[in-house]
Structure formats: C-alpha cells, structure tokens
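Q: Chain residues, written in single-letter form:
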Amino acid sequence: MNLMNLMERVQGVFRDVFNDASIEITEETTALDIEEWDSLTHVQLIIALENEFNLKFAIKEIIELNNVGDIISLLETKL
Amino acid sequence: MNGTELLSLAAKFSKIEHLYLKEYQGNIITKKIAVLSSFTTHHLVRVLNLFLYKEDIKAEIYEGGYDGITSEILNTTSNLYEFRPDILIILTHHLDIKDLPAIFSSTEEVNAWLQGKLNYYNNLWKLAMEMEHCQILQTSVVIPLYRQLGNLEANYLFSATNCLHLLNLELIRHRPPNVIFIDMDYIAAAFGKEKWFDDAGYFLSKQGFSLNAAGSVAHTIARMSAAISGKTKKCLVVDLDNTLWGGIIGDDGIEGINLNPNDPLGEAFLAFQRHLILLKERGIILSVCSKNNETIAKQPFVEHPDMRLRLNDFACFIANWEDKATNLKRAAQRLNIGLDSMVFFDDNPAEREIVRRFVPEVEVIEVPEDPALYVRALEKSAAFEWTQLSKEDITRSLSYVTDEKRKELQSQSIDYNSYLKSLEMTAEIGFTSPSELQRFTQLINKSNQFNLRTIRYTEASLEKLRLNKDEWSLFYVSLSDKFSHYGIISAVILQKIKGITFINTWVMSCRVLNRGVEILALNNICAIARAWKSEWLIGEYLPTKKNALVSTLLPDLGFETFETEGVHPSIPEARLFRLKPEIIPDSAHFINIK
Chain A
1 MNLMNLMERV QGVFRDVFND ASIEITEETT ALDIEEWDSL THVQLIIALE
51 NEFNLKFAIK EIIELNNVGD IISLLETKL
Chain B
80 MNGTELLSLA AKFSKIEHLY LKEYQGNIIT KKIAVLSSFT THHLVRVLNL
130 FLYKEDIKAE IYEGGYDGIT SEILNTTSNL YEFRPDILII LTHHLDIKDL
180 PAIFSSTEEV NAWLQGKLNY YNNLWKLAME MEHCQILQTS VVIPLYRQLG
230 NLEANYLFSA TNCLHLLNLE LIRHRPPNVI FIDMDYIAAA FGKEKWFDDA
280 GYFLSKQGFS LNAAGSVAHT IARMSAAISG KTKKCLVVDL DNTLWGGIIG
330 DDGIEGINLN PNDPLGEAFL AFQRHLILLK ERGIILSVCS KNNETIAKQP
380 FVEHPDMRLR LNDFACFIAN WEDKATNLKR AAQRLNIGLD SMVFFDDNPA
430 EREIVRRFVP EVEVIEVPED PALYVRALEK SAAFEWTQLS KEDITRSLSY
480 VTDEKRKELQ SQSIDYNSYL KSLEMTAEIG FTSPSELQRF TQLINKSNQF
530 NLRTIRYTEA SLEKLRLNKD EWSLFYVSLS DKFSHYGIIS AVILQKIKGI
580 TFINTWVMSC RVLNRGVEIL ALNNICAIAR AWKSEWLIGE YLPTKKNALV
630 STLLPDLGFE TFETEGVHPS IPEARLFRLK PEIIPDSAHF INIK
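Top to bottom, those sequences are chains A and B. My numbering numbers the first residue of the first sequence as 1 and each following residue consecutively. My numbering numbers the first residue of the second sequence as 80 and each following residue consecutively.
Hint data in this document are derived by calculation from the structure and do not stem from the laboratory. Any given hint could turn out to be false.
Derived PhoX-like pairs (lysine-lysine); straight-line CA-CA distance at most 25 Å [claimed, not checked]:
| no. | chain 1 | residue 1 | chain 2 | residue 2 |
| --- | --- | --- | --- | --- |
| 1 | B | K137 | B | K500 |
| 2 | B | K285 | B | K310 |
| 3 | B | K274 | A | K78 |
| 4 | B | K137 | A | K60 |
| 5 | A | K56 | B | K285 |
| 6 | B | K408 | B | K625 |
| 7 | A | K56 | B | K272 |
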C-alpha cells in the first residue's frame, strides 16, 4: 500500500471516530489539534484502526503513538 | 457490527437525536438507567443508548464512579440514590472478587466463601430496594480465560473456574424479585472468549471486555430493559413453504416436500420445528401466515409422518392469497394481542419487506438462506426476552386452541347472555398474597390495552404496597370456564386517600373481554371502598397509544365525570371519574364466585 493510500484510510478512520467529516490530518496532527481526542476516544481510535487494518497493536506501540506520523509509520511496519 | 461501527453510528445519531425525538415522541418512553461497574463503561453506555432507542426507550443514563458498585450502593446518600434509577445495571467482573478460596480448600471452606459472597450481594440488593420501582439487572460473572490450574480447574471444586460457576449459581438460587440476571458468561462464550477479553484494552484503559463485544452486551441489556418496561413479544408467526419444510406444498405435494430425517436439509427443517415446539412449551403463541390454499397448507400437519408440528400447536392458522400485512393484522385481532407483540419469520425477503413497511410494529427476523441457521437467527434476535415465566403463559397456547371451540359454542347460542351462561364460568377474587404476587406484577406490566393508567411496578414495590393494608388494597381475579383455566386475568390496586378510594391500577387480560369480569371486579372495588367508608370512588383514565379500549370503561360502568383541570397538565386527555360506592352496579354477570 502506498503512503497516500494509507493516509487516506487513516483519515477515514479519524473522521469516523471523531464524527467530523471535515477533519484533515497530516503527519504532524496530534491530540492537541483535535478537540475530541482524549484518552477515551484514543482507545476508540486504536480499536478502529485495528478493525480497519485487521491487526492488533501491542501495548508498547499504543503508548508510544503521539501523532498521526507515528500511527502511519507503525502501520507501515505492520502491514 | 463491530464496536467501532456502532460507536460511529452512535456519534452520528447523537447529532440528529433531537430531531428523532421530535418525530417519534409519541412512541418513546423515558427510563432512568444507572450503570455501575468496576471497569470503564463509557463506550458501552454510548452503544447501549443506541440499542435502547431501537426499543423506543430514551435513556437518561447515570454512570457510577470508577469501581462504584460497592461504594454507591452502600452509601444511601450517594448520587445514585439521588438519581433514583428505574433500572440499575450492575456489571460484575471476575477481578472484583479478590478473595477466591485457596488451593486445597475443603468443600466446607468453599461453602463458607460462597455464603460470604451471597451476604455481600444480598446486602446490596436489599439496600437498592430503597429506590422504589428500581429493577436491578446484574450480570453473571464471566468465567475467565486464564486458569491457574489449566484443565485441572475442572477437577477441583476449589478452583477459580468452579468457584465462580458456584457463585453464579448460588446467586440465582437466592435471586430476589428486584433482581434479574443478564447471562454475561453466555454472551461472552457466544462471542468467543478469546476475543471477549481484550487484555491490552484492560491494561490501557480498564475495558472490562472488548469494545467489539459492546453490541452483544447492549443488545441483551436493551431487550431486558424493554421487557421490564412491558414491551414483550408473545407470538411467533411463521411462513410454511421453505420455512417449516423444504419445497412448496402446492407444487411439490405431500410426497415432494422435504422433511426427510435422513436428508441434511430435511433434518434442518425438522430441527427448526423442534425448536418451535420448545418455544410453544415456554408459552409463546405459534401462528401460521402463508400464501397458500388453506386445505392444501394444512395437509402436511395432518398427513405427513415426519412433521413434528401439528395443527393444534398453532393458535391461529391463516393461509390465503391476501398480502401478509393484512393477514398479520387479522391474526393479531383473532388472538386479541397487539401487533407489537408479534414476531414474523418468513424465508421470503420480499414478504419481510412488505411486513416491515406496512406493519412496522411487527418484529421481522432477518432469516438466513440456509435453514440450518434458522434456529440461530431466532436465538440471535433475542426476540423473546421476558422478565419471567408464568404458568398462565404456558397454558395460554392451549387455551387459544380451545378458543376455537368457544367460538363454535357462541355461534350456536341464541343470544350473548345465554352464551355466557353456557360457558359455566367460575371466578375467584382474592387479596393478593405472596404466591400471586409474581403473576399479579407480570399482568400489570404486560397489559397495554385494558389498562386505565399504565403505571408499571416492580414486584418489590408491590410487596411494599401489599403490606401497607391501611392505605392500599391489592386484589386479583382468576377465571375458568368449561374449556380452560385462565389463571389470574385481572389485577386491581386501590389506594385510600382521605375520604376517597382511588383506583390506582386496573388491568385485565383482553382474552376475557366482554365476559363480565369487569363488573365482578367493580363490585369488589365498591365493597372495599365501602369498607374503607369512602364517600367517593375515584377512577382515572390516562390515555396511551394502546389503551383506547378502556377510554369509556368507567362511564360505561356508571361513573360520572368531574372537573379534571390542573390534575395532569402534561396529559390534557386525562379524565377523572367518580362513583358513590354505595351504588351497587346492577349490571348482571354470569360468573359463579368461588
């Protein structure tokens, strides 16, 4: 899967989880940029990503996710 | 749907919730629901909200604090008691239990441990009774996936697996009426425990179970909440061709349809029939609705050697060429039940679509193509979730069949009174005692049509009223005739307020409508009002979508209307009626009193 494609799918997940069709993410997007990105929606986001890409994240991987760029590069190593 | 999809749907719905409420406000009831657990319930609650809407319940939800089960229930001044839930959901978790018996504990030690746990829950349940009308839904403990002793757990009573099983059983053995268990261990097993337990989710954010299981849990809780609110399904309406047997009886004939016990497909249809018989035995009314020639449609039930279902298993058999929406309405009328208590099972997607569109009150099962999966589809739908079983429900399917005989008698009788006489009815009227309380409660909560005020009660709160004999009087009427014994079919709650007797609740099963039972009940109501030396007997009609049947009951029985202004400003259609209890209604009835 190329990077553009991956970014698009992750963006779809973000829009779904935060229920906002106008969200535009970049690799630098962090929880500070999205108002509803708190500890509860973070769990939701992780599970949504796991469901979308049909994989499981390890705890260590989840804790170390700080921005969208981290998510993308983690997905790249796992796909 | 997985948890992500459900949460996304819940979020989308929350944006249009106010519009939805506006559009359907007439159908929707509000319930206060408290959720207590030792793990995070945030996601479950959002999904639950969605599933409750599916049952036409708008939930006002209170989420207890972290690890709130003990602290919020034990402290009767906590926010929980202030909130006063209608339904209190207690979500247990095996990690709540921190003192499991040690290895090599004796049977006595295991029993002592069990007794301790039982005392703990008994205390919680008793305290929760402080909140009047509150029904507790408590989950069974899900037996964990990880075992200290591996397979050996199965071989020692003291193992965690067995102790948790014993705990679940012990609580059932002592279940008080204000508690209904949700079989979470079943839900988890059906979901698959390897997926149910989400270890990372627990360590990261104290998820008690995988977010993806939230739908299964919410589905059951919502169904049970609906049942508590009096929304239960009573009747399963099935199609015939390719539903009860393989093939089409009109084309293939009695020899051609597949019910062959030695053929896998035939076996699947027979297994479905066997399941329907089990449902009938638990009190579900079975009906047929088929596009067929009636004589031909009935043939297999009489002549086919392998058929398990017989004609007398069905309370209503409709086979003609009219559309199924019309026929379902006809069946509801014949059985005297609401369309919303019917479940429709038909292999033909086009018929299902017609029913969904034209009689949306009827629940339509999404029937899979493979008949091997029919029973599973029915089970998964959780269509028949009730709060309790009753002997009355179970004998009912039988008495529906004798209804046909009764109708025959009616057509032979010259006039209605002589028909009533020929039924040889006997009634018993009695003050409600503990042995009738369960059925009494069930009748009040299930009756929608003959129900003057549609006030619902829990068994525990009725027990309180029952004991307060100075201010309350609860009585029942049971009836039998020469064809069947109906059991308790009417329930009345009277309240003594200063110089008046107020009819707080008056319900009756529609199956005995126009038989004189209401006159009998009124005579008894008047007798109690006189014993209380009340100047007036006051009755009230609170209209709902379903109780138009009794809108003129009181005036028809001789009550007079009087000014109601300001009594129920929110329900302008409410009407108050009064009657001097010394006036003994002179309408005749033909019921012998035991």
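Q: Looking at the structure, which of the earlier hints fail to hold?
A: 1, 2, 4
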